[in-house]
Every structure is written in C-alpha cells, then in structure tokens.
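K.L.:
Next come the chains, spelled out residue by residue.
There are 2 protein chains.
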Amino acid sequence: MKASVLSIGDELLVGQVINSNSAFIAQKLNPAGVEIIRVVTVGDDLDSILESLRDLNSNSDAVIVTGGLGPTHDDITRTAMCRFFNTTLEPNEQARASVARFVEQRGLKWTAAADNQVLVPAGCRIIPNALGTAPGEHFIDGRKSVFVLPGVPYEMEAMVTGYIVPWFLQQPGGTFVLHRTLKTTGIPESVLAAKLGDIGALIGNEKLAFLPSPFGVRLRITTVTADRDAGERTLRSIEERIRLLAAEYIYGTDDEELEEVLGGLLRERNLTIAVAESCTGGLIADRITNVPGSSDYFERGVITYSNRSKTELLRVPAELIRVHGAVSEEVALAMARGIREVSGADMGLSTTGIAGPGGGSPEKPVGLVWIACADSAGAIVRKFTFGDGRIRVKQRASQAALEFARKRLLGTAANG
Amino acid sequence: MKASVLSIGDELLVGQVINSNSAFIAQKLNPAGVEIIRVVTVGDDLDSILESLRDLNSNSDAVIVTGGLGPTHDDITRTAMCRFFNTTLEPNEQARASVARFVEQRGLKWTAAADNQVLVPAGCRIIPNALGTAPGEHFIDGRKSVFVLPGVPYEMEAMVTGYIVPWFLQQPGGTFVLHRTLKTTGIPESVLAAKLGDIGALIGNEKLAFLPSPFGVRLRITTVTADRDAGERTLRSIEERIRLLAAEYIYGTDDEELEEVLGGLLRERNLTIAVAESCTGGLIADRITNVPGSSDYFERGVITYSNRSKTELLRVPAELIRVHGAVSEEVALAMARGIREVSGADMGLSTTGIAGPGGGSPEKPVGLVWIACADSAGAIVRKFTFGDGRIRVKQRASQAALEFARKRLLGTAANG
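The listed protein sequences correspond, in order, to chains A and B.
Residue numbering for the first sequence follows my numbering, beginning at 259 and increasing consecutively.
Residue numbering for the second sequence follows my numbering, beginning at 259 and increasing consecutively.
Just so you know, the hints here were simulated from the structure itself, not pulled from any lab data.
Among the hints, a few may not be true.
Remember, identical chains collapse to one label, so a pair may be satisfied in a single copy or spanning two.
Computed list of lysine to aspartate or glutamate pairs in EDC-like fashion (alpha-carbon distance at most 16 Å, straight line) [claimed, not checked]:
no.	residue 1	residue 2
1	Lys286	Asp513
2	Lys465	Asp333
3	Lys622	Glu588
4	Lys665	Asp633
5	Lys260	Asp303
Assemble the whole structure, with the sequences as input and the hints as a guide.
P.N.:
Pasting the structure below:
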C-alpha cells in the first residue's frame with residue numbers, strides 16, 4: 259500500500275511549527291505494510307488543499323490529511339473535504355457522542371464551538387477523538403481511503419494508533435516496509451563507513467542509510483517484503499554482520515535512547531548514579547529523568563556553574579581550581595569523585611567544559627570538554643573536543659557522558 | 259515572490275528524521291519578501307524527485323531543494339539536477355576551492371569522496387559550503403531559480419543566510435510577508451481567545467493564528483504588503499491592541515525564549531538565581547544555561563530526586579517531608595528557601611511534583627506540581643496541574659517555573 263500525507267496549516271509554511279506529524283505517521287504505518295511516498299504541506303488555502311489532494315489521491319492508495327479541523331475561522335479542512343467528495347456538512351450522532359464524551363471527561367461546558375464540531379461531511383466514517391473536540395473523518399472511495407485528522411500531535415497520534423493502523427492491518431495482501439536502526443555514538447560518519455567496508459557485500463539488495471546527528475550516527479537498514487517473517491530475518495542477519503564490524507559503537511536499536519539503555523544497566527545491576535554538571539548545565543540529568551522510573555536509580559544531580567558551588571557541593575579544593583582551571587582533567591575527576599562521595603551513589607559522572615560562544619582561549623577553545631566517571635573501582639577521565647555551537651556542544655557532551663558511563667558499566671571505558 | 263521547498267531523503271519519509279529544514283527556510287525567506295507556498299518531501303528516488311521538481315518549478319518563482327548532495331551511494335540529487343536541466347556533471351574550480359578550504363580547515367585528508375564533491379552540474383553557480391564538503395548549487399533559468407542545498411541542517415542554514423537571503427534581497431519589486439509573534443504562557447487557548455474578543459475588529463484584514471504548545475499559546479500576526487515600513491506599522495498597531503487585552507500573559511515576541519527573557523531581567527537588575535528541581539529533573543537549569551552568558555547570573559542548580567538529597571543539599575527537614583510528603587506546598591517552599599540560602603543567590607526557584615507515569619494517587623495525581631520562588635522579600639508558592647505525559651509535564655512545569663520567576667521579578671506573581 260502506498261500512502262501520502264497532506265499537512266495543512268499556515269503555521270507550517272511560515273516555519274513557526276515544525277511538521278513532526280508526518281514522521282509519526284510514517285513510523286506507525288510502515289510496519290503495518292504502508293509505505294509513505296510523499297509528504298506535502300500547504301497553507302490554509304482552499305485551492306492549494308484541493309489541488310494537492312487531487313494529486314496525492316491519484317498517486318496513492320491512501321491519503322492522510324492532518325490539520326485545520328478545529329472550530330476557529332482559519333480551519334477550512336472540512337470545507338475542502340466537502341468540496342472534494344462533493345458532499346455537505348451535516349450533524350453526525352457519532353461525532354456528537356465523541357464531542358460529548360470529551361466535554362464531560364474534562365468537566366467543560368457545551369459551547370457553540372462544540373455544536374460546530376458535531377458537523378461533519380455527510381458519508382464519512384467518524385474517527386473518535388478522546389483527547390480533543392474535533393472528530394476525525396474516514397472517506398472510503400472504492401479501494402482508496404482518505405483519513406482526516408486534527409493537527410494537534412497527541413490527538414492525531416491517538417487516532418493513528420487507535421484507528422488507522424488497525425484498519426490497515428485488516429486489509430488483505432500488500433508488502434511490508436521493515437526497518438531496523440542501529441544507534442551509534444562516538445564515531446564520525448566517514449570512519450564508521452570505512453569500518454563497514456564494502457556496503458554492497460554487507461547488505462545485498464537491501465538499503466542502508468547513514469543518518470548523522472549531534473548524538474551520533476544512526477544506521478538504518480530497510481527491507482521491503484511480502485513476507486514479514488522473512489523480512490525480519492533479513493534485518494537480523496544484516497544487523498549481526500554490522501555488529502561484527504562496529505559493535506563497540508552501537509548503544510541501542512530503533513527508538514532506544516542512550517539514557518534508557520544506561521538506566522536499564524543501572525537497574526539490572528541495582529546501582530545508583532549521581533551527576534555533577536558544569537558545561538552541560540542540567541541536560542544530562544534532564545535526559546536521565548526523562549525515563550519513567552528513573553527515580554529508582556538517579557539519586558541526585560548538581561549543576562555547579564560557579565567555582566564556589568564546585569567547592570561547596572562537590573568538595574573540589576579551591577586550590578585545584580586555581581591551579582588547573584575549572585575546565586581541566588583534575589577538576590573533572592574531583593567533581594566525579596565528589597558527587598559520588600557526597601551523594602552515596604554507586605557511580606558519579608561529571609562534565610566540565612566550554613560551551614561557548616564566549617570563554618574560549620587558544621589553550622582551551624570553545625568545545626573543549628572533560629568528562630569523568632567514578633565508581634568503586636576508581637575514576638577515569640577523558641578529553642573531548644566538540645567544535646562550536648553552544649546547544650550542539652551541550653548535546654554532544656551529554657551524549658558522550660552517558661556513553662562514558664555505559665561503557666564504564668560494561669568495562670570498556672578507558673582514559674583518553 | 260513565491261517559493262517552494264523540495265526536501266529529499268528516505269529518512270524523512272520513514273519518519274526517522276523530522277523535517278526541520280523547511281521551517282528554517284521559511285523563517286529566513288519570509289522577511290526577504292519570499293512566501294513559501296508548498297513544501298514537498300520525497301524519497302531518494304529519481305522519478306519522484308523529477309516529477310515534484312517539475313510541478314513545483316512550474317508553480318513557483320523559486321524552488322529550494324535540500325538533501326541528497328553528499329558523496330555516498332544514496333545521494334542522487336546531483337543526478338536529478340543534471341536530468342532536469344539537461345546537463346552533465348563536470349569538475350568545477352569554485353567547488354574545488356570550497357571543498358579544499360573545508361578539508362584544510364578541519365585538518366582532513368583529501369579523499370576520493372572529496373574528488374567526487376568537486377563534480378557539479380555544468381552551468382550552475384556554486385554556493386560555497388564552509389561547514390561541510392558538499393557545495394550548494396544555484397540554477398538560474400530566466401526569472402526562475404532553483405537552489406540546491408545539503409540536507410545537514412547547519413550546512414543548509416549557513417547557505418540560506420549567507421547566500422539565498424542576500425540574493426532575494428537584491429531582486430527588484432515583490433511583496434513582503436511580515437510576521438509578529440506574541441508568546442503567551444499560563445492561559446489556555448480558549449480563554450485567551452475569549453479575552454481577545456472579536457478577532458475581526460482586532461485585526462481588520464490581517465491574519466491572526468493561535469498556536470498552542472506545552473510551553474504556551476503563540477499568537478502570530480501576519481501581514482502581506484508591498485511597503486515594508488507600512489507593514490511593520492500595521493503589525494505594531496495590532497500588537498499594541500492585543501497587549502491592552504492580554505499583557506500579563508505575554509512574556510516575549512518572535513524567537514525570544516522565556517529563559518532569555520528571564521535571564522535579561524536578572525542581568526539588568528544584577529541578580530543571581532539558583533534552582534532546586536525535583537520533578538523537572540534538570541530541565542529548568544538546562545534551559546537557563548542554553549542562553550549564552552548565563553554563567554553571569556546562574557549560580558547553581560540541584561536536582562534533588564531523593565528525599566535524602568533534599569535534606570542534605572537544601573536543608574529541608576526530614577520531618578517536613580515525612581509529615582507533608584515530598585510533593586507538597588511546604589516542601590516546595592523549603593526547597594526554594596533552601597537553595598537560596600545555601601547558594602547565596604538572590605533568587606531561589608523550586609519544583610516538586612509527580613511527572614508520572616507512576617507515583618500518582620487520588621489526592622496527588624500525576625501532573626500535580628508545586629512551584630516556589632524565594633527572594634529577599636520572602637517566598638511564594640503555587641499549585642499547578644499539568645495532566646499526564648511525563649515529558650509534557652516536565653516541559654509545562656519548567657515553563658511555569660520560569661514564568662513564576664519572571665513575574666516575581668516584575669512584582670506580579672502571587673501565591674495560588
């Protein structure tokens with residue numbers, strides 16, 4: 259099955275909102291046998307919507323439309339649907355039930371806006387909305403479908419997983435597009451490519467994409483198959499070949515985040531961690547605590563931006579800072595040891611560096627970061643240079659620190 | 259001038275990478291008199307690229323193509339360009355200079371990949387790339403232009419601001435699409451709409467969009483004009499009318515982040531801040547330290563996830579936690595006072611709450627957060643309920659806390 263996404267909204271075209279809906283839709287529909295072949299974004303303009311809808315509908319088995327379903331003056335998607343399917347808006351009992359349920363759950367009042375949301379194009383099926391007032395719409399025209407969803411991400415997401423995915427899974431036949439992503443960090447794209455050698459020999463007829471970001475390079479393997487089990491075996495076999503060549507850089511697969519992997523290791527070993535951050539400014543703690551249940555192993559974090567706080571909270575001797583500077587191997591080590599001692603956690607992790615744009619010097623340029631990790635076996639420290647861009651330096655340093663801790667737990671981290 | 263964006267890359271269609279490039283392009287080109295009328299995303303597929311390029315080129319004055327310019331096997335944009343403009347790849351001296359400069363700056367070796375990047379379609383202008391190896395391309399065909407840029411965001415961004423924007427500014431005539439965004443927080447969309455009353459009376463023939471997010475509702479005013487100064491006056495006058503109705507909820511304009519606004523106030527008043535976070539897990543400190551120069555006013559942060567750390571780092575009496583629970587008005591106040599005292603900062607800001615998904619109870623449900631702020635005049639505290647979704651609760655709580663501190667500085671914050 260080939261599908262397209264039509265995203266509607268001026269806010270997308272002027273760059274005020276980044277279109278993350280189409281990415282979510284693809285992630286959920288690919289494993290249900292649906293390939294996304296095109297994503298088009300247009301503004302709140304009737305002619306543009308109709309022109310794109312005609313074009314996408316003729317090239318795809320299904321079109322997923324998002325945005326412009328609300329009750330305000332700039333929401334014209336329902337009007338466009340009536341025009342496209344040559345029908346009119348009518349009060350719909352299923353839509354009324356969906357809106358009523360939401361209004362009641364949230365303890366809201368029934369307003370004129372709610373009355374308006376009960377009107378849907380005659381002839382479509384209703385996709386109930388548990389998280390907002392605008393019901394979704396499903397038009398079936400022969401073998402083709404058009405799904406119309408609100409633009410609010412969590413409302414749209416619930417409808418995709420609760421209605422559209424199950425609907426596609428019930429359709430007969432079709433091919434599956436299967437992906438497997440190996441997430442690496444700590445190795446540049448070109449070095450990773452060299453390690454993997456001849457790509458053709460490695461992947462045969464399948465696809466392999468290199469996707470770099472400040473957090474590392476993701477390797478995405480893709481196979482298209484009519485036989486889901488055979489496809490899964492193909493992915494596994496390529497994954498194994500890649501792991502033979504680059505295992506030490508791979509921290510996780512698919513949607514796994516490094517902070518989840520690290521958290522899983524800590525939980526498994528019944529260990530706790532505490533962090534002392536300088537240049538990363540709380541980002542490491544923020545990422546660790548994004549993981550549900552992290553309070554089981556995350557004891558505390560401190561962000562010691564001032565020298566005084568390094569001394570007071572981590573017992574880093576003021577003299578050490580004076581002699582070596584706050585951004586130094588010695589202070590990073592003292593911070594990691596200090597946070598471990600004062601917190602009583604099993605592992606202490608620290609960062610100190612220059613995020614920029616100011617504060618750099620020829621000996622200590624912007625992007626220089628020292629990362630240290632202390633545990634019952636001692637402490638190790640490593641120097642990194644992350645280039646410029648304040649946010650990028652913070653991101654890279656947080657990733658390198660989490661990876662340093664992960665490798666320390668696995669016994670593969672080293673001073674450097 | 260009407261322009262379209264064509265984003266190329268399988269990674270965008272399978273949802274692995276969110277297309278943020280088109281948003282950046284729109285943000286930079288709108289003020290240069292260029293309206294983005296359509297954004298299309300296709301995979302690394304020659305036919306799809308050519309079909310979309312034909313379509314967009316016929317409907318727009320300019321097309322900005324991003325992605326697929328690299329040296330690896332899946333990069334086919336240059337091939338597509340040769341096909342579209344009926345030309346061939348040739349070594350280009352300007353491209354060689356761009357690649358050579360990058361290779362030298364980074365201390366890299368000249369490789370086969372670099373040789374490959376020197377090949378560009380004959381007849382195009384080169385857009386130098388200071389941040390990567392792939393040069394950009396500019397095809398001029400009568401009054402129409404096609405710009406071809408790498409997909410790597412920071413390389414693309416530098417070419418948009420360094421080459422494409424100046425190029426459009428040099429073109430004669432045209433209309434400008436001007437935007438002004440007022441950023442609000444702490445007020446739901448529907449309540450804000452009610453406060454603004456009759457939208458038609460407020461904005462006349464201009465456009466006003468409500469853009470909700472976990473961080474608040476943005477109000478975007480848009481005007482299209484041939485006279486830039488008149489357009490700016492129109493925006494200012496509508497902004498003033500909106501401010502008369504909803505000033506207390508507006509913390510900033512356009513790209514301003516709340517952490518920058520708060521940082522500006524602290525700097526102006528020569529005050530320092532320290533934060534004590536529980537449920538926000540470091541996100542507040544992370545946001546504060548995203549602002550360049552924040553080390554001038556951010557003294558320290560602590561993330562006191564364990565009760566023990568609240569007592570040790572913030573002097574919150576263990577008895578207080580036992581009696582009222584860690585998530586309580588009393589503990590929030592003690593945390594704010596505690597971080598202020600131990601750090602010596604002028605202002606202490608604290609959060610304690612239940613981010614979920616676990617840990618909720620009927621009296622203290624997931625999403626309940628207490629936020630407190632202490633300064634030389636005393637301490638205030640406020641209760642919030644942010645619903646569910648761990649990351650969303652963290653985001654909303656961080657925003658509410660920064661806003662609480664901002665209002666405290668302005669003398670408009672209250673217990674609640």
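K.L.:
Decide, hint by hint, whether the structure agrees.
P.N.:
How the hints compare with the structure:
1. Lys286 <-> Asp513: within (12 Å within a copy, 32 Å between copies)
2. Lys465 <-> Asp333: between (40 Å within a copy, 13 Å between copies)
3. Lys622 <-> Glu588: within (14 Å within a copy, 44 Å between copies)
4. Lys665 <-> Asp633: within (12 Å within a copy, 43 Å between copies)
5. Lys260 <-> Asp303: Between. Shortest inter-copy distance 15 Å satisfies the 16 Å Cα cut-off; intra-copy 26 Å does not.
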